[in-house]
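Residues per chain, in single letters:
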Amino acid sequence: MSRAKRIMKELQAVKDDPEARIELEFVNESDIHHLKGSFLGPPGTPYEGGQFIVDIEVPMEYPFKPPMMKFDTKVYHPNISSVTGAICLDILKNAWSPVITLKSALISLQALLQSPEPNDPQDAEVAQHYLKDRESFNKTAALWTKLYASPDGAIGKSVDEAELYGIDSEAVKEFESQGFEKDKIVEVLRRFGIKKLDPADNATINRIIEELLK
Amino acid sequence: MASDEEYSEAESDDSLYNYESRNTSVDLICPKNPNLTSDDSEFDIDEVDSSDYDEEDDIDNSLLATPVSPSTKKALSEGSVPNLKYECLTTKEIYEKMLKRINHLQPVFSIPPDDVLVLMQHYDWNEERLLEAWTEKMDELLQQIGLKSAEVNGSSDVRGIKHRNDFMCIICCEEKNTDTFSLECGHEYCLDCYRHYIQDKLHEGNIITCMDCSLVLKNVDIDQIMGHASSTKLMNSSIKSFVQKHHRNYKWCPYADCKHIIHLKDTSSLAEYGRLHYSPFVKCSEGHRFCFSCGFEIHAPADCNITSAWVKKAKKESENLNWVLSHTKECPKCSVSIEKNGGCNHMVCSNCKYQFCWICEGDWAPHGKSFYECTIYKNDDTKSKGAQEDPGKQLKKYTFYYRLFNEHEVSAKLDWKLGQTVGHKVKALQDRMGVSWIEGLFLIESIKTLNEGRTALKWSFAVAFYSDASHNLTKIFLDNQMLLAKAVEDLSELLQIKEPETIMKRKPEFYNKSGYVENRRTALMECGRDLLCKGICKPHDG
Ligand SMILES: [Zn+2]
Ligand SMILES: [Zn+2]
Ligand SMILES: [Zn+2]
Ligand SMILES: [Zn+2]
Ligand SMILES: [Zn+2]
Ligand SMILES: [Zn+2]
Chain V
3 MSRAKRIMKE
13 LQAVKDDPEA
23 RIELEFVNES
33 DIHHLKGSFL
43 GPPGTPYEGG
53 QFIVDIEVPM
63 EYPFKPPMMK
73 FDTKVYHPNI
83 SSVTGAICLD
93 ILKNAWSPVI
103 TLKSALISLQ
113 ALLQSPEPND
123 PQDAEVAQHY
133 LKDRESFNKT
143 AALWTKLYAS
153 PDGAIGKSVD
163 EAELYGIDSE
173 AVKEFESQGF
183 EKDKIVEVLR
193 RFGIKKLDPA
203 DNATINRIIE
213 ELLK
Chain C
17 MASDEEYSEA
27 ESDDSLYNYE
37 SRNTSVDLIC
47 PKNPNLTSDD
57 SEFDIDEVDS
67 SDYDEEDDID
77 NSLLATPVSP
87 STKKALSEGS
97 VPNLKYECLT
107 TKEIYEKMLK
117 RINHLQPVFS
127 IPPDDVLVLM
137 QHYDWNEERL
147 LEAWTEKMDE
157 LLQQIGLKSA
167 EVNGSSDVRG
177 IKHRNDFMCI
187 ICCEEKNTDT
197 FSLECGHEYC
207 LDCYRHYIQD
217 KLHEGNIITC
227 MDCSLVLKNV
237 DIDQIMGHAS
247 STKLMNSSIK
257 SFVQKHHRNY
267 KWCPYADCKH
277 IIHLKDTSSL
287 AEYGRLHYSP
297 FVKCSEGHRF
307 CFSCGFEIHA
317 PADCNITSAW
327 VKKAKKESEN
337 LNWVLSHTKE
347 CPKCSVSIEK
357 NGGCNHMVCS
367 NCKYQFCWIC
377 EGDWAPHGKS
387 FYECTIYKND
397 DTKSKGAQED
407 PGKQLKKYTF
417 YYRLFNEHEV
427 SAKLDWKLGQ
437 TVGHKVKALQ
447 DRMGVSWIEG
457 LFLIESIKTL
467 NEGRTALKWS
477 FAVAFYSDAS
487 HNLTKIFLDN
497 QMLLAKAVED
507 LSELLQIKEP
517 ETIMKRKPEF
527 YNKSGYVENR
537 RTALMECGRD
547 LLCKGICKPH
557 DG
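Chains V and C supply the protein sequences, listed in that same order.
In this text, residue positions in the first sequence follow our numbering: the first is 3, and each later residue adds one.
In this text, residue positions in the second sequence follow our numbering: the first is 17, and each later residue adds one.
Extracted from the complex, chain V is given alone in its bound form:
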């Protein structure tokens, strides 16, 4: 069976190239459909220092059909769903070619972390954040890397909801002082894609209050 041969060969190729710092292994030795891969966050990006684990399902028609990949590690990135880990990348869909390997696909994911495509977003909220305020976005993405992609990650730590979505604590306080609940405030601000508050922008503030009162 050619698919098994090809997958075994791909695994060997990954082992033969430790420099790439890419890992690829079966979840369960008896099932060649299901693998986990991982790679390191590219240096000089908010993902630096993290190790990102990807769930890989190899279809029957592989390599003529692309593998199904999604992030197990939570990632804050415009092309990756912050909830499900689903990835929006052309080579995993229509631009797939049988010459692409699992390893080269993982490298493409690494490259995707390096250069997001906010105009073809998987996660609209994150993409908005990326386009509107890069500095704040980078901070949030780095926080997620630290919490979810590092060996000493989030386990046992309590995380501030507002901080997790890059929402300025001043903005939350502003509405808390008016007697609204924090959870609700964060939820509304996320929904509106607002990370920071301009005190002069009364229209927006009123819109938020209106929503909070609902």
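The set of hints was computed from the structure by calculation and includes no laboratory data.
A quick note: this is a predicted structure, and the numbers were derived from the prediction, not measured.
For glycine and all other residues, C-beta sits at the position ideal for the given N, C-alpha and C.
One thing to keep in mind: the hints can contain errors.
As the list claims (entries may be wrong) - Looking from chain V toward chain C, a few residues come up when the C-beta cut is under 10 Å (computed):
#1 R5
#2 R8
#3 E12
#4 F66
#5 K67
#6 S83
#7 L91
#8 P100
#9 K105
With chain V's structure known, arrange chain C with the ligands on it following the hints.
Below, chain C with the ligands alone, put in the same frame as chain V:
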């Protein structure tokens, strides 16, 4: 015809009486000349017109070739709609047209026709766009599309099938004695892998390239690799996607297994049809009639808005009541119409490949691989129920009309079966009664009238559901509906008769009852259009 004169005044406020007086004119109807039927079927504007395009000389068409008289037209519309000019084609015919164009254009390009074909495919068969790009940047285009290798040393003797011993194919990772294929780029794979690769792509209709670079596989390459004329399949898919992409001008005939496409060159008049609550009905060369705007069967007296509202509602309710009416849905991304395949809710758009859920039209991905449960649909359901004033009552009203609608749909199918046997009956008349074929045509005409009456009746229940029940005109509509229902059942009963002797003896009755159905149908349609034009019948979410 006297009744038409009377009808032309139907626009004044006492139009209500005109419908009434129409009811009483029943007795005046005498055995009809079958040639008059098209005069009465006001919605057949297109058919009259399409006879130019229709080369089939079946009885149907010759009967319909009678032009609509000006007085009828004026009488039946407030403002008239322009005629629709269309042609009926198959993908093969469209492809042949394209090939003709390519041969015609070939001197302009001075490259082999096979290459022009690839260029045309790349430009979605739009020759204007292609010619523009061609004059601008010929060489660049050939490279960009993959007809020419970027490297100068790409030699043409590499291209083709070769036999190799101990060839290591990097796709299947097998080392074997095998035939291989490569283009000028030298990216060489075993023939098995190449076949698998191409096989999957034939139905997509896109240009197929080398697995590792952008060089194009031409039709000759594809046929060489696959060993038979597989490129026709690819071309067929490409034309299909061309039709999908140009769905404003091209529509597939919605009838099951019908491969015809209606091409409407000028769509500018469609808006006028909508404004006047007419529907642009067309007919394929198999004789299937459907609405060009919404793709449904002939749905008068309902207009397209009422039809789509009704169908949408039926879909929404179908979960509760186990009704399945429609089998197609528009892709939420690119609006191409996709057919549902069996019971599976996982839809994949044939055009843009978007995967979505049939029930909620949301992205398929979050629906998970395990047990399928669509929460979004349920939410929707509770929301809309909350918003209604009296959901229970609305649902009851809907259920009531839907049952009637459905009943006539079932009956229509039975009528259709009846129609299948009518040929035998005419034959029996010929054999046993010495009746000529022409003389026996009244039977075929009657069954056609029955079908049309039944369809109009069916859709009139959608109009009834969406009409303001308290309005006087609605009441008149319902009366008209009842009269048509009775007329249709009477005719249907008459058509059950099997003995040739009885049929011939009752021949005048066939004329009478058909004529009556025809008149009732016309009255109901016009009354329905009046409801629509006056805003008494309008789609709502209820
Ligand atoms: Zn191979
Ligand atoms: Zn190549
Ligand atoms: Zn047809
Ligand atoms: Zn329509
Ligand atoms: Zn689509
Ligand atoms: Zn769903």
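Earlier hints that do not hold, by number: Hint check: 7, 9 fail, others pass.
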